[in-house]
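Residue numbers (numbering that gives the first Met the number 0), protein chains in the order written: chain A, 0 to 540; chain B, 0 to 123.
Hints listed in this document are in silico derivations from the structure and should not be mistaken for laboratory results.
Any given hint could turn out to be false.
As the list claims (entries may be wrong) - Okay, the calculated beta carbon distance ranges per label pair:
1) Asn411/A to Ser94/B: 34 to 44 angstroms
2) Leu370/A to Asn41/B: 41 to 51 angstroms
3) Thr20/B to Asp237/A: 52 to 62 angstroms
4) Thr20/B to Glu224/A: 45 to 55 angstroms
Glycine included, C-beta positions come from ideal geometry on N, C-alpha and C.
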Amino acid sequence: MESSEDAILSMDFDGIVTSWNTGSEKMFGYSSKEIMGKSIYSIYPTGKESEFDEIIAKLKKNERIEHFETERKRKDGSLIYVSLSISPINNEKGNIVGIAKIIRDISGQKRASAYARSLIEASLDPLVTISAKGKVTDVNEATVKITGVQRENLIGSDFSDYFTEPKKAREGYERVFKEGFVADYPLSIRNSSGQITDVLYNASVYKDDKGNVLGVFAAARDITERKKVEKLQAEQTDTKEKLQAEQTDTKEKLQAEYTLAKEKLQLEYTDAKEKRQAEQTLAKEIRQAEQTLAKETRQAEQTLAKEVSEKLKGVAKDEFSAMITHELNTPLVPILGYCKMLKTSMLGKIDQEQLEAIEVIEKNAKRLEALIADIMDVRKLDLNQLKFRIDDLSLDEFFSNLDSDYGKVLENKKCQFTTNPYAKNLVIKTDKSRLRQVFDNLIGNAIKFVPENKGKIETGCMKENNSLVFYVRDNGIGISQEKQKELFQKFYQIDTSERRSIGGTGLGLAISKGIVEKLGGTISVESDGKTGTTFYMKFLS
Amino acid sequence: MKILIIDDNADIAKMFSKYFTIKGHSCSVANDGRSGLNLIENKTFDVVILDLAMPEFSGSDVIDALCKSGKIENQNIVTLTASSISYEDESTMKSKGVHSCLKKPIDPDVLLGHLQQFENIKTI
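Generate coordinates for the entire structure from the input sequences, incorporating the hints supplied.
Next comes the structure, spelled out in structure tokens:
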């Protein structure tokens, strides 16, 4: 009992402390000498004293109290989160004579979960987790806002209740359980006040440590603004068409009137002069009417165009990224250009030391270039703005390009590079330059970690049930189970101290994961943590 | 080869000009779109390297003006930009008569290698 990390203590029904172990001394700062025979209220924060009576009442009803979470006060006045387990102390006759408590400090756990919640709450997108039965298990503030329903009422309710098409919402999460994820799934949320918000859902299953599916994690993106623009554009086209139709109508009507009037004139006026004059006047009137109509139409069109363009301005476009890309890349042009000229002695002979200095400048400028490109890819992935061009891709061609780009270079470094396309003449639909970007990232990583002079890197493709699986395998230093979990996070690098000198932006794997997922696949890693690593990219075929 | 470099960033224009001159080519430089356009309207170059993002009169404005005057028919143009260019923008450029769209930063040697294809083309 004395060696426990938990505080273990006992007291009588009046709350007078009758035992106090070293765990209690450490947790609360009172020595057993100080507190024995004194009241237990010393460790109750102000306002929580009534808990003692509630505990006594429960024990008298023979109820056990376990993992009761509350706050207690230390000697220095600071508060700690604790979990209490309480049991009665009986005498030989079976009567309750006191209370024994085991107290565990859970402040650390509380802080960790508060941190996780603050991350979820920081998202402006509505996030929700759903159980296998389709019940909401957790939500963030953004979800409360968009549905207009309080968190307590949301939790435990049917996820599908909050949409204009509950059936489609149900089909959505059922598909997530079946296929592991959905991307850009369109739904409309109905607010408690009746307001409709159009959203795109991205959702995937989440699992426990053992790989059991616990539920679905779903994130919505508000696309009301985008829809508004589309609607405005459609309205503009409509109005224009309507105006044109009206114009045609009026013109036809005027012409009919003109014809009628002319006939009438011919009947009524025999005098040629009068007739001509009347005709002229009428023709002039018609011309004026036509001009006025044309002018009005033009003005209406202009007003409409102006309104639409004003409204378009309010729609977020990622101008910021475009500007940053331009401003960061521009200075690199003369830096890299002059490095090249100095290095190749175009501006005069340079000695070994100067050459080394220039090579360091060049190497770092190139690293900066790669970092800018990666940061922009990450941002576009985050904003769902990374563009893909899906085309036919011949796997023979893809792998033979890899071979010619990497084979020779790696041979010079005494590293063996092989490619194994799955089958001759197989053509798939994908974005070849983005797929190549993923391979470049993975091969680039492999090169960094293979042993000197006896490295082996193998790339290829194989068929597995209904899927096509690409892989990049190396005989490098491997990746431990623990590190595999964090591998795909942004700015993650295997060994922050030593390997940083090797270079790399720490974004390559996060981007690769993003690209593979946008292309409809999944990426995973396999390694025993000692020798060799294999990355798999799986696409349903 | 007669090369015209149009770029509002004087450091970049000068660096390329220096590089290509040392490699034995003849270079002209314009630091804004309008003066670049004037040079092209009066003389044909083997190739023009055209920066797209320039204030007031951009690379796209230069291309539109050349389309209007018909001059684009017998002038090789390569665009160069530090911004990321979308597939749509690239195909629009090409449909207007631009030969290729390259991205900054670019190794001057790689750029020169690309320009070499225009060396033997006789412009009328």
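So, going through the hints one by one against the coordinates:
no.: 1; hint: Asn411/A to Ser94/B: 34 to 44 angstroms; result: holds, 42 angstroms
no.: 2; hint: Leu370/A to Asn41/B: 41 to 51 angstroms; result: holds, 43 angstroms
no.: 3; hint: Thr20/B to Asp237/A: 52 to 62 angstroms; result: holds, 59 angstroms
no.: 4; hint: Thr20/B to Glu224/A: 45 to 55 angstroms; result: holds, 51 angstroms
When held up to the earlier numbered hints, the structure conflicts with none and fits them all.
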